[in-house]
Amino acid sequence: MKEFICIVCPRGCHLKVDDDGNVTGNSCIRGEKYGKQEAIDPRRTLTSTVKIKSELVRRLPVVSSEEIPKDKVKEVVRCLDSVEVSAPIKVKDVIVKNVMGLGVDIVATRTIEK
Amino acid sequence: MKEYDLVVVGGGSAGLAASIAAYEDGVKSILLLEKEKFLGGILLQCIHNGFGLHEFNEQLAGPEYAQRFVDKFMSYGIEYKVDTMVLGINEDKSIIYSNKEDGYSIVKAKAIIMSTGCSERTRGAIAIPGSRPSGILTAGLAQRYLNIDGYLVGKRVFILGSGDIGLIMARRMTLEGAKVLGVAELMPYSNGLNRNIVQCLHDFDIPLYLSHTVSNIIGKDHLEKIVVSKVDDKMNFIEGSEMEFEVDTLLLSVGLLPSNVLLEDMGMEMSSTRGPKVNEMMETCKEGIFACGNSLHVHDLVDFVTKEGREAGKGASRYLKGLVTRNEECLECVAGDGISYVIPQYVHVSNVDDNVEFKFRVRSPMENKKIVIKINDQVIKSVVKLHLLPAEMETVVVKKGEFTSNNGKLVIEVEER
Amino acid sequence: MYDVIVIGAGVIGGCVARELARYKAKVLVLDKENDVGNVTSMANSAIVHSGYDPKPGTNKAKYNVLGNKMYDLLTKELDVEFKRIGSLTCATNEEELEIIKSFVSRANDNGVEVKILNQEETRKIEPFVSDSVVGSLYAPSAGIINPFELCVGLFENALDNGVELLLNEEVVSIERLTNRFVVRTKDKEFETRVVVNAAGLYSDKIAKMVGIDYFNITPRKGEYFVLDHFEKPFVSHVIFPVPSEKGKGILVTPTTHNNYLLGPSSEFVEDKSDLSTDKPTLDNVRVNASKLVKNIPFNYIIRQFSGLRATGSTHDFIIDERDGFITLGGIESPGLASAPAIGKEAVRLVNSVLHLETNPYFNPFRRKVIRLKKMSIEERNDLIKQDPSFGHIVCRCEGVSEGEVVDCIRRNAGARTIKGVKKRCRPGFGKCQGGFCEPLIMEILARELNLDPLNVRYDSVKSYILQSETKEGDK
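Residue numbers (this note's numbering), protein chains in the order written: chain V, 1 to 114; chain A, 115 to 531; chain B, 532 to 1006.
Derived by calculation from the structure, the hints in this document are not laboratory data. Some hints here could point you the wrong way.
[Unchecked claim] In the PhoX-like style, the derived pairs of lysine-lysine whose C-alpha atoms are separated by at most 20 Å in a straight line are: (1) Lys339/A <-> Lys825/B; (2) Lys905/B <-> Lys214/A; (3) Lys293/A <-> Lys269/A; (4) Lys473/A <-> Lys435/A; (5) Lys2/V <-> Lys70/V; (6) Lys207/A <-> Lys514/A; (7) Lys344/A <-> Lys400/A; (8) Lys339/A <-> Lys293/A; (9) Lys293/A <-> Lys70/V; (10) Lys655/B <-> Lys822/B; (11) Lys488/A <-> Lys499/A; (12) Lys222/A <-> Lys400/A; (13) Lys53/V <-> Lys151/A; (14) Lys114/V <-> Lys499/A; (15) Lys334/A <-> Lys803/B; (16) Lys74/V <-> Lys269/A; (17) Lys822/B <-> Lys339/A; (18) Lys993/B <-> Lys269/A; (19) Lys428/A <-> Lys514/A; (20) Lys916/B <-> Lys334/A; (21) Lys90/V <-> Lys186/A; (22) Lys151/A <-> Lys90/V; (23) Lys875/B <-> Lys348/A; (24) Lys214/A <-> Lys916/B; (25) Lys214/A <-> Lys904/B; (26) Lys92/V <-> Lys400/A; (27) Lys810/B <-> Lys344/A; (28) Lys142/A <-> Lys195/A; (29) Lys72/V <-> Lys293/A; (30) Lys563/B <-> Lys822/B; (31) Lys74/V <-> Lys513/A; (32) Lys916/B <-> Lys195/A; (33) Lys334/A <-> Lys993/B; (34) Lys114/V <-> Lys151/A.
All values derive from a computational prediction rather than experimental measurement.
Construct the entire structure; sequences and hints are all you get.
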């Protein structure tokens, strides 16, 4: 049995998901879907920064192109420690392709011109 | 002296949206003034995602959301100055600013939009007792050091206040290698979004202490220790409830205050939100001066800031085109039972295009209530709401035809179902 | 070998050092802090008292009255903000009215001009006194000063004229040899012919190093609220209650920057570094301030702070010379007002030992402080043309430019820390308390002093702001 607070709407239902993936405590179908996903394969979007050589800033903000497994989040952030890029960079430029073989890219979320 | 149809003060989300909307509505003589090095405002340091669900139907990181508006603004070739501080606004709508290139200068405007954002409440504003070492800073300042400058302010952190910035910083600092020992919230409920409580605190097993606050600060040079106490319903520390945390950093996420020094210097009275009072087109009590975004009232979602900026931009455009009809008839809009504020505070029904979107917040969390809108004690509209939280701004749209009177009082209040 | 070593870089040490600069002498000032004027001289009511209330014949009465009179010239020479706004000691009942009337003869004995005002007269010059005020004692010579700027100005001028200053040097021992002393800090030692002990809260500790043990200093804490500046009119005089055994009581006063101070409380504490504030004490400050002044806009509170008065066991200022060791101890209120006169007296005592020659090159004027806010548009633009950084405003709350920050760093006894900049040109004193400007000030300090931002300090050498750089792994 796993317990979560549902985040699909402001109501915040307390969900219980049993070992067979049955969700209780939800008030809507979206909550059931969320509970199942959280129980089987919780995923998170990762945001962080990487070093950038630029006249204007010292860090470039980045995001994972898709959600990554929750338990990989910390490892991916550590993996970004050694990344350094140079301006110019545009929003959506891929900074790390297929990070840690997860099938997800790390992309820029800011344009830095120089 | 240079003259513009419209001068926008502040190039964050509100100011960008306002400039773009005014431009698209036909105002071509626009100057935007921004105090920082970049356009985009505070979003540039909000690198987490979740912005743009309403505007773009997708989840963007803060800088990316800002970039979309900056790109559009640039594509229109609207004039702007960065690293430029506005120092004063005169009665005749001339604006005093200063920067390195122009020096201390004055420009004239036919209309002005104020989108100056907000500032964070500080330790001094909430009078946290104890000594005065370094290591106590607002969450937003720590966020800037972390995300823009690339520095961590500490390794063992406690956060006072469960507002979203504090929660987001709990996760950011944890991921960058700090240990966050807990978050204390004075109120018996959190002021942050559920999503942030789950993904920023629960994901990292960071405890949230409701009805708790920092009762003492210990440390001579740098912060060494804090004492957290439970509070009673009158917000007094409960003796015997003290918990000590050895930390090097205390982040404060204890509320935001609209910044309106320029309007205050003009002698404008501020409303309970600490922003100016505005009418249906976001115009303040001074004709031709408009306000929007967090300097009007603090928003929880940037999408709503953008929308409000757009309203102000359109309002300014209508004003500049002479489309505004002025008459004495006006509804005064006030917060009734259970509501902390209502925006706009004035509605000239004759001037309403299609509808008015009223924005308001409830005073405390509530379930299953009715939001009632009355004009001169007569109910004109009511809406059922299953969940109401002070942290979430509510809106109700009233169509032009639904206004039963052009003057008197409009009240928004919470009623039992 | 120094002629004189002054221990303590507070306002007393500053006045002594600057007076000594008038003579041909090799002078060194030592302080344990990371900036001048960083302890009691920084956290006080910022008032130059008129001198009507100390008991006639005491050192407090003598030096207060003398010192007060010296302020016009001193602040002109040093370009320090000072305004004689006058004080009103307010009686809230008939009994107190009798007490303030009895102060008139004391004021006359001290040679201080005062006047009793009735309720109507009081209200006429100060409409914000509370309705319960029935009369007041008006002392027109009382003034308000910027105490940070005073200390900085004294040391800058002293250093301009050849005095040396070493910060972060805590004196740990003093050895008396024939006709000279060896003054030791943690890892340095200095020889000098005369020592001036201006160590404030620690003046008893320093005195004991040479065997002078007839007095002790007990810190007496005062807690304050600071209100932001605002457009509406508010009090324009220093408003005192009727003084009691515990001191001058909780007052309400404007500052030279149009902020307002409420306080101080008065409690003896044990720890000489205890600068904490607490809720019950500050609640009491609120209550007492409200008895004097009505409609205090408490929502404009931007800060609380506390200061420690160096209360001496003799209940008067201790000013004496013993075989080349000069003690200036127990300089509590009215110490700020008395400081210039104490400085002069200390130098008279130095001269009784050393018979110094006059320094013909002494320049009493400090280079004018650049205050953009007080300049005309033309003056500003002239300055910006010469140096564009004066056009770049870095502090929105107080309207301070990058050029002013740079200037306060580049002077003698210049700013080295965030707090040092704040004390000299105000960024961080406003509503945002540094929330917006701190990163910019840090950038300027790092650039000017050639420091890594990680090594920029808020105040003391241990008060770091940035702990580490991100993206450095587990380094």
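Results for each hint:
1. At roughly 38 Å between alpha-carbon atoms, lysine 339/A and lysine 825/B are farther apart than 20 Å, so this suggested pair is violated.
2. For the suggested pair lysine 905/B and lysine 214/A, the alpha carbons sit about 19 Å apart, so the restraint of at most 20 Å is met.
3. With a C-alpha separation of about 6 Å, the suggested pair lysine 293/A and lysine 269/A falls inside the 20 Å cut-off, and the hint holds.
4. For the proposed pair lysine 473/A and lysine 435/A, the alpha carbon gap of about 27 Å is over 20 Å, so the pair is violated.
5. Proposed proximity of lysine 2/V and lysine 70/V is supported: the alpha carbons are some 15 Å apart, at most 20 Å.
6. The hinted pair formed by lysine 207/A and lysine 514/A fails the criterion: a straight-line CA distance of about 31 Å is larger than 20 Å.
7. Proposed proximity of lysine 344/A and lysine 400/A is contradicted: the alpha carbons are some 46 Å apart, above 20 Å.
8. Annotation: proposed proximity of lysine 339/A to lysine 293/A holds, straight-line Cα distance about 14 Å (limit 20 Å).
9. Simply put, lysine 293/A and lysine 70/V have alpha-carbon atoms about 18 Å apart, close enough for the 20 Å limit, and the pair holds.
10. For the given pair, lysine 655/B sits about 18 Å from lysine 822/B by alpha-carbon distance, which is consistent with the 20 Å threshold.
11. Proximity of lysine 488/A to lysine 499/A is assessed by CA-CA distance (about 17 Å); at most 20 Å being required, the pair is judged to hold.
12. Using a Cα cut-off of 20 Å, the hinted pair lysine 222/A and lysine 400/A holds, with the two alpha carbons roughly 16 Å apart.
13. The hinted pair formed by lysine 53/V and lysine 151/A meets the criterion: a straight-line CA distance of about 17 Å does not exceed 20 Å.
14. Restraint check for lysine 114/V and lysine 499/A: the C-alpha separation of about 49 Å exceeds 20 Å, so the hint is violated.
15. With a C-alpha separation of about 11 Å, the suggested pairing of lysine 334/A with lysine 803/B holds against the 20 Å cut-off.
16. For the hint linking lysine 74/V to lysine 269/A, the alpha-carbon distance of about 16 Å falls within 20 Å, and the restraint holds.
17. A C-alpha spacing of about 36 Å is found between lysine 822/B and lysine 339/A, which places the hinted pair above 20 Å, so the restraint is violated.
18. Annotation: proposed proximity of lysine 993/B to lysine 269/A holds, straight-line Cα distance about 16 Å (limit 20 Å).
19. For the proposed pair lysine 428/A and lysine 514/A, the alpha carbon gap of about 17 Å is at most 20 Å, so the pair holds.
20. Simply put, lysine 916/B and lysine 334/A have alpha-carbon atoms about 44 Å apart, too far for the 20 Å limit, and the pair is violated.
21. Pair hint lysine 90/V plus lysine 186/A holds up; C-alpha atoms about 15 Å apart against a cutoff of 20 Å.
22. At roughly 18 Å between alpha-carbon atoms, lysine 151/A and lysine 90/V fall within 20 Å of each other, so this suggested pair holds.
23. At most 20 Å may separate the alpha-carbon atoms for a hinted pair to count; lysine 875/B and lysine 348/A exceed this at roughly 55 Å.
24. For the hint linking lysine 214/A to lysine 916/B, the alpha-carbon distance of about 9 Å falls within 20 Å, and the restraint holds.
25. Distance restraint check for lysine 214/A and lysine 904/B: the Cα-Cα separation of roughly 16 Å lies within the 20 Å cut-off, and the hinted pair is therefore satisfied.
26. At roughly 43 Å between alpha-carbon atoms, lysine 92/V and lysine 400/A are farther apart than 20 Å, so this suggested pair is violated.
27. Straight-line distance between C-alpha atoms of lysine 810/B and lysine 344/A comes to about 15 Å, which keeps the hinted pair within the 20 Å bound.
28. Distance hint between lysine 142/A and lysine 195/A is fulfilled; the C-alpha atoms sit about 16 Å from each other, no more than 20 Å.
29. The hinted pair formed by lysine 72/V and lysine 293/A meets the criterion: a straight-line CA distance of about 18 Å does not exceed 20 Å.
30. At roughly 40 Å between alpha-carbon atoms, lysine 563/B and lysine 822/B are farther apart than 20 Å, so this suggested pair is violated.
31. Of the supplied pair hints, the one linking lysine 74/V and lysine 513/A is violated, its CA atoms being roughly 50 Å apart against a limit of 20 Å.
32. Distance check on the hinted pair: lysine 916/B and lysine 195/A sit about 18 Å apart at the alpha-carbon level, within 20 Å; holds.
33. Distance hint between lysine 334/A and lysine 993/B is fulfilled; the C-alpha atoms sit about 9 Å from each other, no more than 20 Å.
34. With a C-alpha separation of about 13 Å, the suggested pair lysine 114/V and lysine 151/A falls inside the 20 Å cut-off, and the hint holds.
In summary, the numbered hints that this structure violates are 1, 4, 6, 7, 14, 17, 20, 23, 26, 30, 31.
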